[in-house]
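Protein sequences, first through last, are from chains A, B, C and D. To convert, note that position 136 of the first sequence is 136 in the working numbering; the numbers rise steadily by one, no gaps. Each number in the working numbering comes from the position in the second sequence (counting from 1) with 1000 added on. Each number in the working numbering comes from the position in the third sequence (counting from 1) with 2000 added on. Each number in the working numbering comes from the position in the fourth sequence (counting from 1) with 3000 added on.
Since the hints were derived computationally from the structure, they do not count as laboratory data. A few of these clues could be false.
To be verified - Label-pair distances were calculated between CB atoms; the ranges are:
| hint | chain 1 | residue 1 | chain 2 | residue 2 | range |
| --- | --- | --- | --- | --- | --- |
| 1 | D | Lys3143 | B | Ile1044 | 34 to 42 Å |
| 2 | D | Phe3091 | C | Ser2154 | 37 to 45 Å |
| 3 | A | Leu83 | D | Asp3153 | 24 to 32 Å |
| 4 | D | Lys3143 | B | Asp1015 | 23 to 31 Å |
| 5 | D | Ser3253 | C | Gly2212 | 34 to 42 Å |
| 6 | A | Ile127 | C | Lys2066 | 45 to 53 Å |
Claimed, not checked - No farther apart than 25 Å at their CA atoms in a straight line, the calculated lysine to aspartate or glutamate pairs in the DMTMM-like style are these:
| hint | chain 1 | residue 1 | chain 2 | residue 2 |
| --- | --- | --- | --- | --- |
| 7 | A | Lys115 | B | Asp1122 |
| 8 | C | Lys2252 | B | Asp1122 |
| 9 | D | Lys3002 | D | Glu3064 |
| 10 | C | Lys2115 | D | Asp3114 |
| 11 | C | Lys2115 | D | Asp3132 |
| 12 | D | Lys3115 | A | Glu85 |
| 13 | B | Lys1196 | B | Asp1122 |
| 14 | B | Lys1014 | C | Asp2096 |
| 15 | B | Lys1123 | C | Asp2015 |
| 16 | A | Lys74 | A | Asp96 |
| 17 | D | Lys3143 | D | Glu3128 |
| 18 | C | Lys2123 | D | Asp3142 |
| 19 | C | Lys2143 | D | Glu3048 |
| 20 | C | Lys2115 | B | Asp1015 |
As the list claims (entries may be wrong) - One side only, chain D facing chain C, incomplete, derived with CB under 8 Å:
| hint | residue |
| --- | --- |
| 21 | Leu3116 |
| 22 | Arg3126 |
| 23 | Ile3127 |
| 24 | Asn3144 |
| 25 | Asp3146 |
| 26 | Thr3152 |
| 27 | Glu3155 |
| 28 | Thr3156 |
| 29 | Phe3159 |
| 30 | Thr3163 |
| 31 | Arg3165 |
| 32 | Lys3221 |
| 33 | Met3254 |
Quick reminder that beta carbons are idealized off the backbone N, C-alpha and C, glycines included.
One letter stands for each residue in the lines below.
Protein chains: 4
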Amino acid sequence: MKFQVTSTLQYSIKDLSTLILNISVLKSSSQTIFEENLHLEPFILAEELPSLDSTTRSVRIVSEGKKTLTIKYKALVEHEIKLIEKQQLSFPSVADLPSAVLPYLLPSRYCQSDKLLRLAQDKFGRIENAYDTVRAICIWIDKNVDYVSGSTDSETSAFDTVTQRQGVCRDFAHLGIALCRALTIPARYLSCYAYKLHPPDFHACFEAYMGGNWVVFDPTKLVPLNALVKIGTGKDAADVAVGTFYGNVNFKSMEVTNQVMDKDFRPLYFKDLENEGICL
Amino acid sequence: MKFQVTSTLQYSIKDLSTLILNISVLKSSSQTIFEENLHLEPFILAEELPSLDSTTRSVRIVSEGKKTLTIKYKALVEHEIKLIEKQQLSFPSVADLPSAVLPYLLPSRYCQSDKLLRLAQDKFGRIENAYDTVRAICIWIDKNVDYVSGSTDSETSAFDTVTQRQGVCRDFAHLGIALCRALTIPARYLSCYAYKLHPPDFHACFEAYMGGNWVVFDPTKLVPLNALVKIGTGKDAADVAVGTFYGNVNFKSMEVTNQVMDKDFRPLYFKDLENEGICL
Amino acid sequence: MKFQVTSTLQYSIKDLSTLILNISVLKSSSQTIFEENLHLEPFILAEELPSLDSTTRSVRIVSEGKKTLTIKYKALVEHEIKLIEKQQLSFPSVADLPSAVLPYLLPSRYCQSDKLLRLAQDKFGRIENAYDTVRAICIWIDKNVDYVSGSTDSETSAFDTVTQRQGVCRDFAHLGIALCRALTIPARYLSCYAYKLHPPDFHACFEAYMGGNWVVFDPTKLVPLNALVKIGTGKDAADVAVGTFYGNVNFKSMEVTNQVMDKDFRPLYFKDLENEGICL
Amino acid sequence: MKFQVTSTLQYSIKDLSTLILNISVLKSSSQTIFEENLHLEPFILAEELPSLDSTTRSVRIVSEGKKTLTIKYKALVEHEIKLIEKQQLSFPSVADLPSAVLPYLLPSRYCQSDKLLRLAQDKFGRIENAYDTVRAICIWIDKNVDYVSGSTDSETSAFDTVTQRQGVCRDFAHLGIALCRALTIPARYLSCYAYKLHPPDFHACFEAYMGGNWVVFDPTKLVPLNALVKIGTGKDAADVAVGTFYGNVNFKSMEVTNQVMDKDFRPLYFKDLENEGICL
């Protein structure tokens, strides 16, 4: 499946500032980039930061003086999705997990899984299949947490969301991740370009590790999972924030698009994936 | 119904210390004290603190020097309970609430109702009858929070319990109160002598205001509600703590008993009160 | 000293709603009201709620239907302040505290003194005089917490402010109260009309109990303490909020004034009160 | 300098369980292992987990059935320390930081630097030299936080410690790390064998990145920094916990030793390093 994704970000910057952006799409065995363009107005050099484990393609921009900086990104991407029957998505065993996967069992800034052990065990600890377990987590989040734009901020964590019961995609993902880890299911944050998200924005969901695969879950249920174009993954939003700023940087505006280039695209939403997990 | 209640508390005290104890049973129109005795070994004067609103009968003890202080309390009490059909237990209207009841709508140290608005509304906001609503809260607490001795401490609040899902009677009561207040149902903490509590201890539950009455609820479901002998009520455990200490006071031991003196006593547990509320 | 205070509040209200307002000035032995007027447009009855302990004069307003409600309050007040030399402001002893003062030692929703024991003891536990101790608390707050409008909200507590280091008068007062209580100095929240506050608004500071008196402290250092006109006191902001709303009430605008009517008024700021405490 | 380190851990295990241990010393260009032995009684295979970035040498043990497992580790290690004059320890610039260092600027589970920005800026934001800045942080922690064994648990974070003011080496390190990150100084957790720690235990301190080096700091001031033998580093204690357990594992006992093998060892404590930073 082919996608054209674009994003335009505008920041008002004073003084010397450094921006770390996660807007470039990931290169991987299942996601190929055909064309890609990053354009800055006024022109400044953007440096791609090497990633030891290929989970992000962060870009660093160093800006001097006072300016309005416009960043335009565009990419033509193809990805292959893999559908896996839920019978094959067995619970991972810590005894055999690859060492690169183990860190995704640990608590992180926004996913304090250590504080949610009982909640996770009580609500989801008796489901037989791993895929059904994480789907149950998503259904519970969607049912119990209201999607309210602007209701949370960059300090909001899964621990807060359990009680406050409102948030945006980022908060839904954090809670999903925390509950998975509390059940000894490795889980990681996924930042992506989503198709038909209203209002358009970068999207966040999460991946859980089962049957040897990272399976994608979207507790917001808002977008087709087979049209997600990966930007990066990390322990939580801190690792793959759209923008992390050091200095004096103020957000001005943002536009995000994701256009499906194939005519025969058939969207697969959360509801369509009852029996099969999807891997990007 | 007549009860004989006793409690024996032992503290190891160094230096000048002040103890505020809530172990004496309340005097009220529905609770009469026939005999009462407070005995301190070694002898020190105990001063009953006047209560402006008759919700507690706190006792202040000032101890000098190093000693082991034993406090023995005993009372023979009669109380009249009132059973009210749930049809009469209508939702209170803030427009008409007596001004003495209004404070029990506000958040307090251990009952941060302001942080639980959505949770309360989502789970319990659509039940028609006030009594059914608070029973639903109790059932939810009993189902979702495990009763685990020693799992919490004096800093644990309702906000913590929502996520940690374990606690003792005090935590169960705090969560019940916070959820009621979040739904605009006045609620207050009740400290009492309970019958057949294992292991024996002071007990805590809560009262919610509906149909003009303070109706008792016990989310632990552990004890008969018609055998509770009231010690006092307050906004939360801070107001009616068994012991509040200033100085150097260490707990050594405690014994609590509550003996029903009537032969024809028929216990009414949570499960027996589906259609009638009980007022002490 | 005579003052004319006014406030005009405007709310946009939908449906049946109840408002509890704390804008009327307190009547007490040291504060006399000469003229007072509360005017509602459109006209609705406002009911003064009796206060058992004379710490507030809350007003309840029940509004039906959709409307913009304007509330105008005006009062001509005289108060006598009392200046007490700091040598007389000794540490209170829990052993002798009046029972009506004891509750102000307990933790409350926004003043979790139980969590600040070590911080309070380490920073302020070795000062000999009670008045100097609370002044040191105020100086520390002023130095360590930035006054930033809009930086906090109705959920922010003293516990948060210790780490976040920003807030408004309400947060400054809560932190002052929590630190006092952690040192076994009773403290309570004071809502008032302040003179020359910029921008004009209701003001909050706190009172600490020492030498048998409630002495006023303003950790913001922004206003003269001898021109504060009392609205009410409570355990924290929850008890004397300017407005507590049940229903659908939205804030539209507010104007607050406090005019000194005496020509020979000499303002006493925090800095002028190094050796004398002020009681209202 | 040569060291012989040993540790003996004993766990009582029921059922199938997985243990991830961080007790083996790190191999690096500055730390050489001459002899090393890991012995399990009863015998089970221990698997060393590959580390992508060489910051840990975790070991995974999978135990079946009920048993008491004794783990004995012993190593003869030589490390070269590097002393760097503080003039060369300049503030890092985010614009130039190696991409592998950038993650150590982000908040993590126990080091919520995003919540401590103002506190860090107010207290330590005006010191000219980077090394002096982090020393000032350590001095502040040592002065304001009491070292109290057993006062905290595995859920305690830097955010809690700011207010609670007590903790163990782990908490001291977390707070140091969080404050550094809040000042845009990369910082990471260091787990190690320390010399002359009483009572003997694994030790934790932290490294801050300045002048292109990871410089070691010990806010507890308890041990000589030139006798620390590195076990591993990570974003916080979650990454290099001595033991992380999945299953039914209970701690029984622990013994830790670190013996200096060189006769001319001269200990360098915090107080001896006013002008020079130490790198392991």
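Results of checking the hints against the structure:
{"no.": "1", "hint": "D:Lys3143 with B:Ile1044: 34 to 42 Å", "verdict": "holds (40 Å)"}
{"no.": "2", "hint": "D:Phe3091 with C:Ser2154: 37 to 45 Å", "verdict": "holds (39 Å)"}
{"no.": "3", "hint": "A:Leu83 with D:Asp3153: 24 to 32 Å", "verdict": "violated (43 Å)"}
{"no.": "4", "hint": "D:Lys3143 with B:Asp1015: 23 to 31 Å", "verdict": "holds (27 Å)"}
{"no.": "5", "hint": "D:Ser3253 with C:Gly2212: 34 to 42 Å", "verdict": "violated (56 Å)"}
{"no.": "6", "hint": "A:Ile127 with C:Lys2066: 45 to 53 Å", "verdict": "holds (48 Å)"}
{"no.": "7", "hint": "A:Lys115 with B:Asp1122", "verdict": "holds (23 Å)"}
{"no.": "8", "hint": "C:Lys2252 with B:Asp1122", "verdict": "violated (28 Å)"}
{"no.": "9", "hint": "D:Lys3002 with D:Glu3064", "verdict": "violated (37 Å)"}
{"no.": "10", "hint": "C:Lys2115 with D:Asp3114", "verdict": "holds (21 Å)"}
{"no.": "11", "hint": "C:Lys2115 with D:Asp3132", "verdict": "violated (31 Å)"}
{"no.": "12", "hint": "D:Lys3115 with A:Glu85", "verdict": "violated (43 Å)"}
{"no.": "13", "hint": "B:Lys1196 with B:Asp1122", "verdict": "violated (35 Å)"}
{"no.": "14", "hint": "B:Lys1014 with C:Asp2096", "verdict": "holds (19 Å)"}
{"no.": "15", "hint": "B:Lys1123 with C:Asp2015", "verdict": "holds (23 Å)"}
{"no.": "16", "hint": "A:Lys74 with A:Asp96", "verdict": "violated (40 Å)"}
{"no.": "17", "hint": "D:Lys3143 with D:Glu3128", "verdict": "holds (21 Å)"}
{"no.": "18", "hint": "C:Lys2123 with D:Asp3142", "verdict": "holds (14 Å)"}
{"no.": "19", "hint": "C:Lys2143 with D:Glu3048", "verdict": "violated (51 Å)"}
{"no.": "20", "hint": "C:Lys2115 with B:Asp1015", "verdict": "holds (24 Å)"}
{"no.": "21", "hint": "Leu3116", "verdict": "holds (6 Å)"}
{"no.": "22", "hint": "Arg3126", "verdict": "violated (14 Å)"}
{"no.": "23", "hint": "Ile3127", "verdict": "violated (17 Å)"}
{"no.": "24", "hint": "Asn3144", "verdict": "holds (6 Å)"}
{"no.": "25", "hint": "Asp3146", "verdict": "holds (7 Å)"}
{"no.": "26", "hint": "Thr3152", "verdict": "violated (12 Å)"}
{"no.": "27", "hint": "Glu3155", "verdict": "violated (15 Å)"}
{"no.": "28", "hint": "Thr3156", "verdict": "violated (13 Å)"}
{"no.": "29", "hint": "Phe3159", "verdict": "holds (6 Å)"}
{"no.": "30", "hint": "Thr3163", "verdict": "holds (5 Å)"}
{"no.": "31", "hint": "Arg3165", "verdict": "holds (4 Å)"}
{"no.": "32", "hint": "Lys3221", "verdict": "violated (17 Å)"}
{"no.": "33", "hint": "Met3254", "verdict": "violated (28 Å)"}
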